[in-house]
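K.L.:
Sequence:
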Amino acid sequence: MRYELKQNQGIPTPLLALMAIATGLSVANCYYNQPLLGSMARAFNVTDFSASIVATLTQIGYMAGLLFVIPLGDLLSRKKLILANYIISACALLSIAVSPNIYCIWIASFFAGASSVMPQFFIPLVSYNSSPVHKVRNVGIIQSCLLIGILGSRVFSGLLADTWGWRSVYFVASFFMLGCFVMIHRMLPSLPPLRQDTYLNLLKSLLRLFAKYPYLRVASLRASLAYASFFALWSCLAFRLKQAPFFASDNIIGILGLCGLAGASTVVFISGYIPKYGVRFFSVIGACLMLLTWIIALYGDNSYLWIIIAILLIDAGMQCVHLSNQASVVALDDSAINRINTVYMTVYFLGGSVGTFVAGLSWEHFSWTGVVCTGIFFIVASLLVNCSKQKVNPARM
-12 MRYELKQNQG IPTPLLALMA IATGLSVANC YYNQPLLGSM ARAFNVTDFS
38 ASIVATLTQI GYMAGLLFVI PLGDLLSRKK LILANYIISA CALLSIAVSP
88 NIYCIWIASF FAGASSVMPQ FFIPLVSYNS SPVHKVRNVG IIQSCLLIGI
138 LGSRVFSGLL ADTWGWRSVY FVASFFMLGC FVMIHRMLPS LPPLRQDTYL
188 NLLKSLLRLF AKYPYLRVAS LRASLAYASF FALWSCLAFR LKQAPFFASD
238 NIIGILGLCG LAGASTVVFI SGYIPKYGVR FFSVIGACLM LLTWIIALYG
288 DNSYLWIIIA ILLIDAGMQC VHLSNQASVV ALDDSAINRI NTVYMTVYFL
338 GGSVGTFVAG LSWEHFSWTG VVCTGIFFIV ASLLVNCSKQ KVNPARM
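First residue of the sequence shown: -12, per our numbering; consecutive thereafter.
Quick caveat, the hints were computed from the structure, so don't treat them as lab data. Among the clues, some could well be false.
As the list claims (entries may be wrong) - Below, in silico cross-link-like pairs of lysine to any residue (SDA-like), each with a Cα-Cα straight-line distance of 25 Å or less:
hint, residue 1, residue 2
1, 66, 181
2, 263, 319
3, 67, 89
4, 122, 176
5, 66, 4
6, 229, 176
7, 229, 208
8, 66, 374
9, 191, 337
10, 66, 172
11, 199, 323
12, 229, 152
13, 191, 176
14, 122, 106
15, 191, 31
16, 199, 374
17, 263, 127
18, 263, 130
19, 67, 152
20, 66, 199
21, 66, 81
22, 229, 90
23, -7, 325
24, 122, 179
25, 263, 126
26, 199, 262
27, 66, 85
28, 229, 32
29, 66, 122
30, 229, 4
31, 199, 314
Claimed, not checked - Pair ranges (Cβ atoms, derived):
hint, residue 1, residue 2, range
32, 230, 183, 55 to 61 Å
33, 180, 360, 44 to 50 Å
34, 375, 324, 22 to 28 Å
35, 260, 32, 46 to 52 Å
All C-beta atoms in this analysis are idealised placements derived from N, C-alpha and C, irrespective of residue type, glycine included.
I would like the entire structure built from these sequences, with the hints used as guidance.
P.N.:
Below, the structure written as structure tokens:
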């Protein structure tokens, strides 16, 4: 059944449920690899750094999708664009599943990341069409499924890989994308272009927004640096847990993602306090939690208990930084919410890409101590950005 959508007239429950599920399954494509990097390195007999490039290129791909694919949603039929991304994503994931070497996985991972940006179409779509009384609730449902997809993907991939091997994860993920394609094609109505403009002008407008708002630069940078620190842990944790004294299997590494889910649940508690205490307060609190994480990771890396505590803290800290900064930047200009969010998220994922790459190098040359130093460097840099004297709205800072 194909539904109709009209601005502020409400979204049928089955269609909302479909977009929520599709959001979680789509974003999961970027995170399946985190528990599997050690297994990939051993399967292809390559270094851990070579395997970590898989995560780096996935993040770079997602960033490229945000920057170059999402703006097309204003110029082309969004339904056709969403469906095209699901096909590309399914093909990329299938390519990873059958890849004969790590280099093919690198290429396919980039396209898997670039084509997994569908949630960024769904979120504004839900916001635009929901009835005013249900707007916040409906967007919250999509955001919750986004978070569940990110964190649940680690658990899913670890458990599946331990039973049927890491390639099975990508076969199943490809099947999920095809399923989403079929259901979206059947249920989502046609979504005409939102504006008449050129693609080049849209891209230029992103640069103009970045130049126009000093606060956008500050918020994006401090969140990006925190995300670099966050990904330094998650991109190398699998390598550390494959070593003594753990010798952990993929399912154990994946199950630790449940700890991340518990830590990230802080979103439920902090969102209502952001206007009261300010963005800078939550940015500092979150960064301090992440700094504490790295101290624990340095001295407690031989204990599951301390690693679990570190995961809880870093996920909680990251949510404090990200949610507070994102909520404040989208309030800068009501007429450019989507484009401002695109700028913020692009810089944000650039941080994740850099953090993954640098942490991989640090692991290769300095082992776990190098990874810890990398994480500390990025989160201290994020804290220093909070000392910025930019002329911005102090309420937002």
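K.L.:
Of all the hints given earlier, name the ones this structure violates by number, lowest first.
P.N.:
3, 6, 7, 8, 13, 15, 19, 20, 27, 30
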